[in-house]
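For reference, the chains in residue letters:
2 protein chains.
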Amino acid sequence: MSDIVNRFATGAPQNLEERFASRAAHMKPSEIRSLFAVASRPEIVSLAGGMPNLSDFPMPMMADVMSKLILSNGAEALQYGSGQGHPKLREQICEVMALEGIRANPDDVLVTTGSQQALDLISRIFIDPGDVVLAEAPSYVGALGTFHQYEASVIHVETDDSGLVPQALREAIVSVRAAGRKIKFLYMIPNYHNPSGVLLTTERRTEILTICRDAGIFVVEDNPYGLLGFDKPSPNAMRAEDSENVIYLGTFSKTIAPGLRVGWALVPPSLKEKLVIASESSILCPSNFAQLAISSYLAEQPWRDQISSFCDLYKVRRDAMLESLDEYFPAVAKWTKPGGGFYVWVTLPPEIDTTALMPKAIVAKVAYVPGTAFYSDGFGSWSLRLSYCYPTPERIRDGVKALGGVIKTEMSRRGSNQIS
Amino acid sequence: MSDIVNRFATGAPQNLEERFASRAAHMKPSEIRSLFAVASRPEIVSLAGGMPNLSDFPMPMMADVMSKLILSNGAEALQYGSGQGHPKLREQICEVMALEGIRANPDDVLVTTGSQQALDLISRIFIDPGDVVLAEAPSYVGALGTFHQYEASVIHVETDDSGLVPQALREAIVSVRAAGRKIKFLYMIPNYHNPSGVLLTTERRTEILTICRDAGIFVVEDNPYGLLGFDKPSPNAMRAEDSENVIYLGTFSKTIAPGLRVGWALVPPSLKEKLVIASESSILCPSNFAQLAISSYLAEQPWRDQISSFCDLYKVRRDAMLESLDEYFPAVAKWTKPGGGFYVWVTLPPEIDTTALMPKAIVAKVAYVPGTAFYSDGFGSWSLRLSYCYPTPERIRDGVKALGGVIKTEMSRRGSNQIS
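Chains A and B, in that order, are what the protein sequence lines are.
To get the numbering used here, take the position in the first sequence, counting from 1, and add 392.
To get the numbering used here, take the position in the second sequence, counting from 1, and add 392.
Don't take every hint at face value.
Copies of the same chain look alike in the list, so a pair counts if it works inside one copy or between any two.
[What the hints assert, rightly or not] Cross-link-like lysine-lysine pairs, in silico, DSS-like; alpha carbons within 27 Å at most:
| id | residue 1 | residue 2 |
| --- | --- | --- |
| 1 | Lys729 | Lys420 |
| 2 | Lys420 | Lys480 |
| 3 | Lys574 | Lys420 |
| 4 | Lys420 | Lys793 |
| 5 | Lys793 | Lys574 |
| 6 | Lys726 | Lys752 |
| 7 | Lys420 | Lys664 |
| 8 | Lys574 | Lys480 |
| 9 | Lys420 | Lys726 |
| 10 | Lys664 | Lys757 |
| 11 | Lys707 | Lys757 |
| 12 | Lys757 | Lys460 |
Derived by calculation from the structure, the hints in this document are not laboratory data.
Quick caveat, the model's predicted, so the values are computed rather than measured.
Throw the hints in and build the complete structure from the sequences for me.
Right, here's the structure in full:
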């Protein structure tokens with residue numbers, strides 16, 4: 393017995409870090425985390441967060457949908473459900489995807505707790521430590537965080553105002569493979585990109601699909617904003633053109649409401665079983681209640697009209713932001729002109745460090761997200777993301793004006809002669 | 393260009409399996425999966441699933457709670473929320489845990505998508521491939537599946553009618569460490585165990601906590617059933633006695649309803665930050681709606697009375713099962729006598745293979761879960777789990793009678809002379 397005790401004493405780790413898995417070293421607070429605590433104070437105009445604007449969402453209607461659901465079908469809605477997701481909702485999800493040209497079988501859809509969970513599951517299935525994930529430059533901060541937790545190396549691929557540059561993708565594939573590394577997939581947001589706001593052209597969609605198919609690389613198409621085009625419908629989803637090599641991620645967070653946490657993945661049949669098993673291991677099953685509430689809403693309510701109404705609301709805000717950028721930002725600054733979605737990506741002169749500038753912006757009562765958050769490699773220090781989705785147009789103008797002043801002051805302090 | 397194409401051709405993996413992460417090899421269908429498809433047919437008495445019985449849940453009240461929530465606070469309930477979980481619900485969770493002697497700070501609580509997500513996150517933080525997790529013999533199938541996906545080796549520790557055997561735990565720690573392997577935590581369900589139904593004694597709780605503290609091993613205390621004791625309150629939670637070395641998992645799935653998917657983890661402060669970051673990477677944030685619906689329910693409704701009502705309902709079913717086991721099972725069979733929860737664990741003579749017996753049981757219109765599902769090492773082939781939570785007492789009697797007949801026939805076929 394004393395022998396046992398002695399072995400305990402020598403065997404016991406003295407240090408908490410020693411007890412963690414190696415991947416835990418990648419679980420560090422992001423730049424955005426500490427920022428959001430500050431940016432959420434009411435006196436700050438937050439152009440930082442990507443929260444959908446629910447100000448014209450028909451609450452009495454949703455209250456009624458939920459109440460009826462519980463009274464008519466509570467025993468199912470409040471019970472455990474299928475790991476893959478409710479069959480009825482999976483059918484309706486196929487109808488939603490048909491709006492972007494996708495023909496899909498409900499058997500190939502997995503319902504998830506927001507599309508973030510789909511990102512997590514895809515990473516779990518594909519990424520061994522040291523594997524490479526290709527992503528646009530810049531890319532969605534939440535996806536980068538997940539890829540890093542699975543110990544992937546993210547290699548960014550050049551983009552321009554038409555989206556990912558196909559030739560840059562070719563070169564990236566060659567150089568990564570020449571270095572003897574495995575590429576697991578290309579992650580991209582073709583529609584109204586987060587953070588850049590850019591729409592990938594139809595021609596490039598086809599070209600990128602061909603490159604990836606020839607190279608044996610899955611495309612992970614993340615499409616939260618595809619139905620939020622302001623002036624014309626978005627091009628067909630990439631998945632509409634290639635059902636074998638595209639893993640498609642969708643969500644109701646921007647077209648209905650994020651607080652229900654319902655997203656989905658549509659995958660090639662060869663991936664479906666592993667994805668369902670991975671999801672069951674992760675959450676057992678998605679919420680039957682949330683799924684059936686969305687199912688009732690889609691079946692009974694004019695949801696396409698509500699999306700049009702959201703688009704009108706966001707378009708007014710996009711216009712307010714672009715007009716005030718013209719008015720208040722230095723002429724040397726450049727920014728994207730989004731045709732939908734939530735975001736504008738601003739590029740300043742390279743001597744401006746947007747992370748270092750944040751405290752001054754907060755003093756001026758405005759917040760944004762510094763560009764480095766959207767790169768895995770430290771790039772982006774003279775860029776920033778502005779969100780127009782949530783504040784009123786007046787607040788957007790106030791915020792952009794204040795930020796323009798902060799930037800001009802900083803440029804002047806640095807002796808730049810490029811201020812207009 | 394042709395060079396690039398050639399390199400693509402040689403670099404492209406030809407085989408889907410080659411593209412997967414190594415952990416994907418552990419994503420295989422469980423025995424329970426295929427079983428549930430059959431067991432859910434209406435003509436089968438399912439003693440297999442662990443679905444809570446919602447037959448006396450007050451649906452009109454819950455419909456009212458949800459409707460009021462959307463009308464009064466829809467803009468928050470339908471929006472993204474905190475990654476850690478809503479502060480108000482985290483306070484109420486501390487009040488719920490106080491019923492089992494736990495004093496906790498809401499800052500140390502993470503709200504999860506069911507406690508399965510907490511199991512997943514704990515595994516993610518702690519388990520490197522090849523690490524050891526200690527667990528009771530038998531243990532919860534859903535936890536075993538998650539540990540395997542993170543490529544842990546599960547080592548089972550002997551249990552008896554008083555729960556985990558402390559001396560067996562001591563010996564397991566010594567032998568695993570003598571083999572040079574790292575133990576990451578001890579996973580256990582002290583109250584009305586799944587699958588065994590056993591309650592861990594108070595004395596053993598203290599002894600096991602001491603062993604694990606001395607050995608530098610966290611205890612993961614999974615407690616879905618602690619408030620479902622039939623005759624007297626359960627002993628205090630293990631976390632009540634040790635706030636530094638216990639990771640506590642709770643859920644509303646059995647005390648309110650599983651369809652909302654709200655569970656939680658209460659962790660030592662040193663683990664909190666990593667757990668929140670891991671959860672954000674996994675699902676961004678738990679559902680604000682589900683959290684606030686439960687928060688309103690806890691604040692406004694007689695939830696303790698509802699739990700008493702659930703206990704009454706389960707006790708009647710437990711009695712029906714134990715009585716019919718006495719009446720219809722062969723005398724040589726042994727089973728546990730649960731004082732709460734959902735499950736009875738039956739041990740048959742070793743020559744009976746409960747997996748091989750399942751098709752005969754299905755023909756006799758009864759389903760159960762074979763014992764091997766609850767072991768990581770193939771043990772348990774002459775055991776099985778029976779759930780009494782869901783069917784009516786009459787159906788339970790019919791099912792146990794049918795299963796008893798199947799077992800007696802099988803024993804007789806094998807020439808056993810132990811049938812009574």
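Practice task
Check each numbered hint from earlier against the structure, then list the numbers of those it violates in ascending order.
Solution key: 1, 4, 5, 8, 9, 10 and 12
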